[in-house]
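S.K.: What follows is each chain in one-letter form.
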Amino acid sequence: MIAFARQLAESVRLELGQACDFGLDARHAPSLARWAQQLAAVAAVLSCGRLVIADRARLVRALRRLVVRKHEAVESACLAHELARARELERDDLRARLIVVRADRDECVAERDAAIGDARRWREHVAACEVAA
Amino acid sequence: MSPQNVARSVAESVRAELDEALAFGLDASHADKLRLWARRLAFAATALDDPRFTLPEVSP
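Heads up: the protein sequence lines correspond to chains A and B, in order.
Heads up: the first sequence begins at 15 in my numbering, then just goes up one per residue.
Heads up: the second sequence begins at 855 in my numbering, then just goes up one per residue.
Please note that a few of the clues may not be correct.
[As the list claims (entries may be wrong)] A few chain A residues that don't get close to chain B, going by computed Cβ distances all over 12 Å:
(1) 39
(2) 50
(3) 52
(4) 53
(5) 56
(6) 59
(7) 73
(8) 110
(9) 122
(10) 123
(11) 130
[Stated by the list, open to error] Pairwise CB distance ranges, derived in the manner of DEER restraints:
(12) 93/A with 886/B: 44 to 54 Å
(13) 881/B with 97/A: 37 to 47 Å
(14) 867/B with 86/A: 54 to 64 Å
Treat the hints as calculated values from the structure; they're not laboratory data.
The structure displayed is predicted, hence computed values, not measured ones.
For glycine and all other residues, C-beta sits at the position ideal for the given N, C-alpha and C.
From just these sequences and the hints, can you work out the full model?
M.R.: Set out below in C-alpha cells:
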C-alpha cells in the first residue's frame with residue numbers, strides 16, 4: 015500500500031509539473047481538485063501505516079497487561095483452590111472430632127444407664143434381703 | 855494579484871515541495887505535509903475556477 019501511495023504521489027508530481035510548465039488556467043481546476051484528493055489519499059495511506067505501527071505498539075502493551083492479569087488470575091485461582099482445600103480439610107477434621115465426641119457421649123450415657131440399672135438391682139436386692147430377714 | 859496568479863504560485867510551490875519529498879523518499883512522516891499540500895491544491899483549484907477572472911468571449 016505504501017508503494018502504491020508513492021506511485022500515486024509520483025504521478026501527481028508528474029501531471030502537476032506538466033500543467034505548471036504549460037501554464038495553469040481555469041481548465042486545470044478539475045485536475046487540481048483531483049490531484050488534491052489523490053495527495054490526501056496518499057497522506058491517509060501513509061498515516062495508516064504510522065497508525066498501524068502505533069496500534070501494534072499499543073496492542074503489544076495491551077497483550078502484556080493481559081498476560082500479567084492472566085498470571086495474577088492463575089495465582090488467585092490457585093490461592094482460592096488452596097483455601098477451599100484447607101477449609102475442606104478443616105471441616106473433615108471437625109466432623110471427625112464430632113464423631114469422637116458423640117461416641118464418648120454415647121459411651122457415657124451407656125455407662126450412666128448401666129450404673130442406674132446396677133443401683134436399681136442393688137436396691138431390689140437390699141429390699142429382698144430385708145424382707146427375708 | 856489575481857486569483858489565477860495566486861493559484862499558479864501555490865501550485866508551483868506544492869510542486870517544488872512534492873519534488874523534494876519524493877526525491878528524499880516519501881514516508882509516514884510526510885503525511886501531515888501531504889494533507890497540507892492537498893488543501894493548498896484544492897484552494898488553487900478553487901482560485902483557478904474563480905469566475906471574476908474568466909476571460910471575456912471575443913466577438914467575431
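S.K.: Evaluate the given range 44 to 54 Å for the C-beta pair formed by residue 93/A and residue 886/B.
M.R.: Taking Cβ atoms as reference, residue 93/A and residue 886/B lie about 51 Å apart, which means the hint holds.
S.K.: Holds or violated: the 54 to 64 Å window for the beta-carbon distance between residue 867/B and residue 86/A?
M.R.: holds, 57 Å
S.K.: Please check whether the beta-carbon of residue 130/A is more than 12 Å away from every beta-carbon in chain B.
M.R.: About 100 Å separates residue 130/A from the closest Cβ of chain B, which puts it past 12 Å; holds.
S.K.: Beyond 12 Å from every chain B Cβ: check whether that's true for residue 123/A.
M.R.: holds, 90 Å
S.K.: Would you assess whether residue 39/A, listed as outside the interface, keeps its beta-carbon beyond 12 Å of every beta-carbon in chain B?
M.R.: Check fails; 7 Å does not lie beyond 12 Å.
S.K.: Would you say residue 50/A is clear of chain B, with no C-beta pair closer than or equal to 12 Å?
M.R.: violated, 4 Å
S.K.: Would residue 56/A pass as off the interface with chain B, using Cβ distances and a cut of 12 Å?
M.R.: violated, 5 Å
S.K.: Find the nearest Cβ of chain B to the Cβ of residue 73/A and say whether that gap is larger than 12 Å.
M.R.: For residue 73/A, whose nearest Cβ neighbour in chain B is about 18 Å away, the distance exceeds 12 Å, so it holds.
S.K.: Would you check whether the claim that residue 59/A is not at the interface survives, using Cβ distances to chain B and the 12 Å cut-off?
M.R.: violated, 9 Å
S.K.: Compute the least Cβ-Cβ separation between residue 110/A and chain B, then decide whether it is above 12 Å.
M.R.: Per Cβ check, residue 110/A is outside 12 Å of chain B; nearest 72 Å; holds.
S.K.: Is the nearest CB of chain B more than 12 Å from the CB of residue 53/A?
M.R.: Per Cβ check, residue 53/A is inside 12 Å of chain B; nearest 4 Å; violated.
S.K.: For residue 52/A, is the shortest beta carbon distance to chain B beyond 12 Å?
M.R.: Residue 52/A not clear of chain B: closest Cβ-Cβ about 8 Å, inside 12 Å.
Comparing the model with each numbered hint stated earlier shows that hints 1, 2, 3, 4, 5, 6 and 13 do not hold.
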